[in-house]
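Chemist: Protein chains in written order, with the numbering used here: chain A, 2 to 367; chain B, 2 to 367; chain C, 2 to 367; chain D, 2 to 367.
I should point out that these hints are in silico values taken from the structure, not numbers from a laboratory. Bear in mind that the values here come from a model prediction, so they are computed numbers and not experimental data. Check the hints yourself; a few may be wrong.
A short, non-exhaustive set of chain C residues, derived as facing chain D with CB atoms under 10 Å [what the hints assert, rightly or not]:
id, residue
1, TYR105
2, GLN111
3, THR113
4, ASP258
5, PRO267
6, VAL270
7, ALA271
8, ARG278
9, ASP291
10, THR295
11, ILE297
12, ASN298
13, LEU301
14, HIS306
15, ASP310
Coverage of chain A stretches by chain C, computed from C-beta distances (three or more under 8 Å per stretch; other residues unrestricted) [what the hints assert, rightly or not]:
id, segment
16, 74–84
17, 107–121
One side only, chain A facing chain B, incomplete, derived with CB under 8 Å [unchecked claim]:
id, residue
18, PRO267
19, PRO279
20, THR290
21, THR295
22, ILE297
23, LYS305
24, HIS306
Cβ coordinates follow ideal geometry from the N, Cα and C atoms, glycine included.
There are 4 protein chains.
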Amino acid sequence: MPEAARCVVLEAFDQPVALDERPVAAPEPGAAVVAVDFGGVCGTDVHLQAGRLPISLPVVLGHEGVGRVAALGEGLEHDALGAPLRIGDRVGWASSIACGRCFYCRDAQQPTLCERRRVYGITRRLDSPPHLTGAWADTIYLEDGTTIVRLGEAQPSEAVIALGCAGPTVVHGLLHRMPPRPGEAIVIQGAGPVGLAAAMYAQLAGARPAIVIGAPAQRLELASRLGVGDERLDIDALDIAARAARVRELTGGRGADLVVECTGVPAAVAEGIDLVRPGGRVLVLGQYTDHGPTPINPHLITRKHLSVDGSWAFSAAHYVEYVRTVPLLRERFALEELITAFPLTRAQDALDAARTGNVAKAVVVP
Amino acid sequence: MPEAARCVVLEAFDQPVALDERPVAAPEPGAAVVAVDFGGVCGTDVHLQAGRLPISLPVVLGHEGVGRVAALGEGLEHDALGAPLRIGDRVGWASSIACGRCFYCRDAQQPTLCERRRVYGITRRLDSPPHLTGAWADTIYLEDGTTIVRLGEAQPSEAVIALGCAGPTVVHGLLHRMPPRPGEAIVIQGAGPVGLAAAMYAQLAGARPAIVIGAPAQRLELASRLGVGDERLDIDALDIAARAARVRELTGGRGADLVVECTGVPAAVAEGIDLVRPGGRVLVLGQYTDHGPTPINPHLITRKHLSVDGSWAFSAAHYVEYVRTVPLLRERFALEELITAFPLTRAQDALDAARTGNVAKAVVVP
Amino acid sequence: MPEAARCVVLEAFDQPVALDERPVAAPEPGAAVVAVDFGGVCGTDVHLQAGRLPISLPVVLGHEGVGRVAALGEGLEHDALGAPLRIGDRVGWASSIACGRCFYCRDAQQPTLCERRRVYGITRRLDSPPHLTGAWADTIYLEDGTTIVRLGEAQPSEAVIALGCAGPTVVHGLLHRMPPRPGEAIVIQGAGPVGLAAAMYAQLAGARPAIVIGAPAQRLELASRLGVGDERLDIDALDIAARAARVRELTGGRGADLVVECTGVPAAVAEGIDLVRPGGRVLVLGQYTDHGPTPINPHLITRKHLSVDGSWAFSAAHYVEYVRTVPLLRERFALEELITAFPLTRAQDALDAARTGNVAKAVVVP
Amino acid sequence: MPEAARCVVLEAFDQPVALDERPVAAPEPGAAVVAVDFGGVCGTDVHLQAGRLPISLPVVLGHEGVGRVAALGEGLEHDALGAPLRIGDRVGWASSIACGRCFYCRDAQQPTLCERRRVYGITRRLDSPPHLTGAWADTIYLEDGTTIVRLGEAQPSEAVIALGCAGPTVVHGLLHRMPPRPGEAIVIQGAGPVGLAAAMYAQLAGARPAIVIGAPAQRLELASRLGVGDERLDIDALDIAARAARVRELTGGRGADLVVECTGVPAAVAEGIDLVRPGGRVLVLGQYTDHGPTPINPHLITRKHLSVDGSWAFSAAHYVEYVRTVPLLRERFALEELITAFPLTRAQDALDAARTGNVAKAVVVP
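Here chain A stands alone, though its shape is the one from the complex:
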């Protein structure tokens, strides 16, 4: 176990991130120290830097990560699936720990809504022990209660980090709340990590056609090359009426059975409500940040007899299911090709690339 570790710190909103260093603590009972192999860069990190989410600084960034076990606290002998855990094992971990006792954890059985959720890389301050609580660092300290999953041969680290938190977010929203049936026509709005993950899982579940609506062109080309989506509509090339016409053409004139919104743009929800067929479903996955109200016609919800569900983040169960299904995704989609690596020292460049959408998935590498 190393004595000290470098870490990327967000010290102030709207300021470049900085590289810092902290001593590595020996793990307490149930905890683990992990040498990070990849830390994922997520749209949420962009929002965090821009001050759009109410967090307390300074914070070591990185809520997505994979690495190798450097030290194990007393009693931590198995991973979340019961497999033995040893020094050197490659592992992934769920970004959040739910309290298990609040109304949402215990009574409503929706731990994603936990009132005291702790999230690596977001809700912990650098200046409180164990300090190294983000994945953009040489090592991360995973405290007792973290959902750690050992990775096997069919789960290379590059593949697991490629979908980042988008993977388990889609497992939660799509597979558990609005599962597609084989043969259903699905529209995915957005070609970022969440949109691509939604398209892949929809295809894995047999949906057909899977129509991805997004931008920029290079992301759609990458999606095309990887076989993500059966058809891709470029919003820079087709206006809203042309997109609607194409979706209707592809769906027998009726609209999609299921629309999954993964854009973060409020107006996309209204477009999704238009694109779905009567009796269909709309899953709103992308409205993570608050951009205020947008004009939506509720008459369509009543008249078309819709189900509109929102879903946000994921719980430990969904992370475990994500890792379990990575091998299935990987057989069909070359996940590893999604990532673009940046050294830890260029973490700000990685953030900038995520902001502009010039890369499909930026990751930082210690």
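Starting from the known structure of chain A, arrange chains B, C and D on it as the hints suggest.
Modeler: Frame of chain A; chains B, C and D shown alone:
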């Protein structure tokens, strides 16, 4: 069977309805002629007169009705529940007939969305046989395929008509799409027939508290007298902030488990999304007519992890279930007290009363 | 806080229980010491004494209890619903603590199936600290992680203990797995605590008729007096064919929409599969102990298109929901009349009464 | 349109089928005459010949078929999906017509349970017009109300007939009642047409591993060659304990998430209840004929917290969905290789082959 029957006709939009007369045809095989006892006046009738729905005139109004069998066509020997049907039996009937063959009837199994739905009092022209196709008339001609239910002692005609089409609409939306559990806190937006029916069914299903938000005061007083709702909030007395504060107070600070919108006012949907707790459900029953977009914050759908469902009208199954559950409603709520009767000759007055909300439920009586 | 407490101990299978005494430990952080007001006697206690379940003796019996807080460990300031908790408060508690980390807790999200479930009065040995881990005692030690709910005025201790663990077991199985709709015909097999609780919750949810099939006659008379069930069929008076005929008569010839088995007798499952209508549901709540195979015709499951679900015990969420809904039950059913109290010194008599079914619900009182 | 057509008739139980001939009637309004290309042979036909199902003879066999439109009755201009229908079009059709009016069609919304279901090749007598009501014939008369689907290029007749009624039966039971999620472990009991179809749809929906348990060896080899199932267990080579051990080995020691019984052997249901994990689901598709009770331990249903569903046949909606998803199945599985063709004159040989299981799917060809 009478030779001729009077009927109330909508001849032109925005014009008073007129009394007319037509010969009564002998029923073809499977059809029935029914002497109307009560024809219900619904908010939809108000919309029809105002020209807000795309129908073809002239039309005999009245999609809600109860009456007594005057003549039975060959082969019509049992009602929809298999009970024998005889001349003189008191009956109710479902307002619509689904085609059974379109995509929505057969493939999607959602007959409420039938593409060729025929509806008494709405989609049939006076000048096509059998002419007498609305319930605001001395008799109505119920064609082969109509869902007719014989009424028993525990289903007095006044009680069955009291909820009109609001009853089966709530059976469909509330009981089948978003059923409440005993002990769940529910907010019902709207104190018209749909809102009152939603509150009653919610209470029948054990929801507690059932909070009705509506107006005018006299409707809320009637609701209070009948025991409809555990608490009633008058929108003329409490502004939106005061209503939200009261709902939070009644729901442990979290908001309602379930909100049922029954107002027809687009802004009510945004208020409902605010009043529901994280992880809760919103049922949009009231947006029957198109008033265009309203500002809705989709971030709340994602962040609160909501399910927002729309539901509209009902199928034959829901009408049958409505009639079957009238006795249960009646044990707890004096349904008959909801109605205010107008003679057929004063049908326009009945429509005006429905428009102003001065009565809970207007009915016309031949 | 008292220095020592008496407790009822099961020292050997098939032997009478014995009264013992142990010192009362001061509560560790998060734990509580509670002075027991009532300890419930459950059919499971009868099974435990008979050696039918694989537990390790000696054990202080009593997995059901209500009492008053005698001491609170550091940090335990609120109950499971967030209400402040103080010395002297009346409280109930969930009998089991799930580990929160095993496959069933985390991945399958079914904590009732937890692989390391700890249960008061069942899985803890008297000779391990904190010793006083059953409710048949003057005090019970509730360790950190126990789901404690403060009882209000509408939740008298006698009412909460009256349904014992049958209440939350029915919340779990009936309300969460196979919820009845208003107007559905339901058959409840069994007139013990689980059967009576199932009938009450079904009635609360609007099911009609609720038909209780059970024995002995005095239990059915008590049920009748309390309004539990709309009809009660005595298995000592009616043979299986007569019961089937009566159920068909009460359900339009088709059979029940839902059958809830609460007997523990394997053959009841086959009878339930016969009594349910095509397209109906069968909930198997009663087969808690293993009596081996019974003849069941699987053709009926296929041909009648049935859903047969099993459910066992409950999680913390269901206990909380049980306590929240006690006031609703109590408005309709005089729960307190179900209990027959025995002093702690006569715990064996209480067990014997539960075995013979001579009382509806035996409780022990310190 | 031909003047007469040959047809294969079951004249008496336990007797060889006979070839007969009947005149071809011109289609009435809404009806069609179809020149049969393939008539499928199903296990049900074997049961029919053996007299195990209560039907009235003589009957033209063949409830599964595909062919080309020879004549269209007035008004029949579109198929069930709205596509134009013309002479010469290749088509498939649903075997049954539900009445649309009985309790199960209208109130329970489960048309598969229709009380007056009419089924080609099963419930219609040869001696009643239109006589030619089975698919083992040169032509079949499809009456008004039949669900006819036009087949496209990606739906070759050989592929559509290859799964016969097993395809829509699995769409109904598996996709609509107990849909698998990507990554779920599924056991399919039975390697006949229903078992193979269940395995294919499970794989299409992303289930993994899909473990087929069946016989004889040559069917399993065919399945292996076509990629049906990830693993195949031969019941002639592995006893029940060895099968259970292998399933546990393949499912992390816990058992399958979902078991689909497709054997028709009552004891398979008990084995399925053993093979499923706690919290899992068991779908009983195979118990179509009544072989009486079998020993089943209901304690496992309660203790393991199971959902056991039965499902039988399918409605028009499921047939349409089957045809829509044939192209998806066909991309992964060489459906056409399943069939073995027999001329109409050798229909009895086809039946014998189906009985012995020597072929995967026998079809008769006029």
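Chemist: Does the closest beta carbon of chain B sit nearer than 8 Å to the beta carbon of LYS305 of chain A?
Modeler: holds, 7 Å
Chemist: Under 10 Å is the threshold here; is the Cβ of ILE297 of chain C close enough to any Cβ of chain D for the hint to stand?
Modeler: Hint on ILE297 of chain C: holds, closest Cβ of chain D at ~4 Å, below 10 Å.
Chemist: Given a cut of 8 Å on the nearest C-beta pair, is the interface hint for THR290 of chain A held or broken against chain B?
Modeler: Given a least distance of 7 Å, the restraint on THR290 of chain A holds.
Chemist: Can THR295 of chain A be said to touch chain B, with a Cβ gap under 8 Å?
Modeler: Result: holds, 6 Å to nearest chain B Cβ.
Chemist: For the hint on GLN111 of chain C, does the least C-beta distance to chain D fall short of 10 Å?
Modeler: Hint holds; GLN111 of chain C Cβ to chain D Cβ min 5 Å, cut 10 Å.
Chemist: ASP291 of chain C was flagged as interface toward chain D. Is the shortest Cβ-Cβ separation under 10 Å?
Modeler: holds, 4 Å
Chemist: Can you verify the interface hint for HIS306 of chain C: is its Cβ closer than 10 Å to any Cβ in chain D?
Modeler: holds, 6 Å
Chemist: Quick check on THR113 of chain C please, does its C-beta sit within 10 Å of some C-beta on chain D?
Modeler: holds, 7 Å
Chemist: Mind checking the CB of ASP258 of chain C against every CB in chain D and telling me if the closest is under 10 Å?
Modeler: With a closest approach of 9 Å, the ASP258 of chain C hint holds.
Chemist: Is the interface hint for PRO267 of chain A satisfied, with its Cβ closer than 8 Å to some Cβ of chain B?
Modeler: holds, 5 Å
Chemist: Next item in the hint list is PRO279 of chain A. Is there a CB on chain B closer than 8 Å to its CB?
Modeler: At about 5 Å, which falls below the 8 Å cut-off, the nearest Cβ of chain B leaves the hint on PRO279 of chain A intact, so it holds.
Chemist: Are ARG278 of chain C and chain D close enough, Cβ to Cβ, to be under 10 Å, as the hint says?
Modeler: holds, 8 Å
Figure legend: structure checked against the earlier numbered hints; every hint is met.
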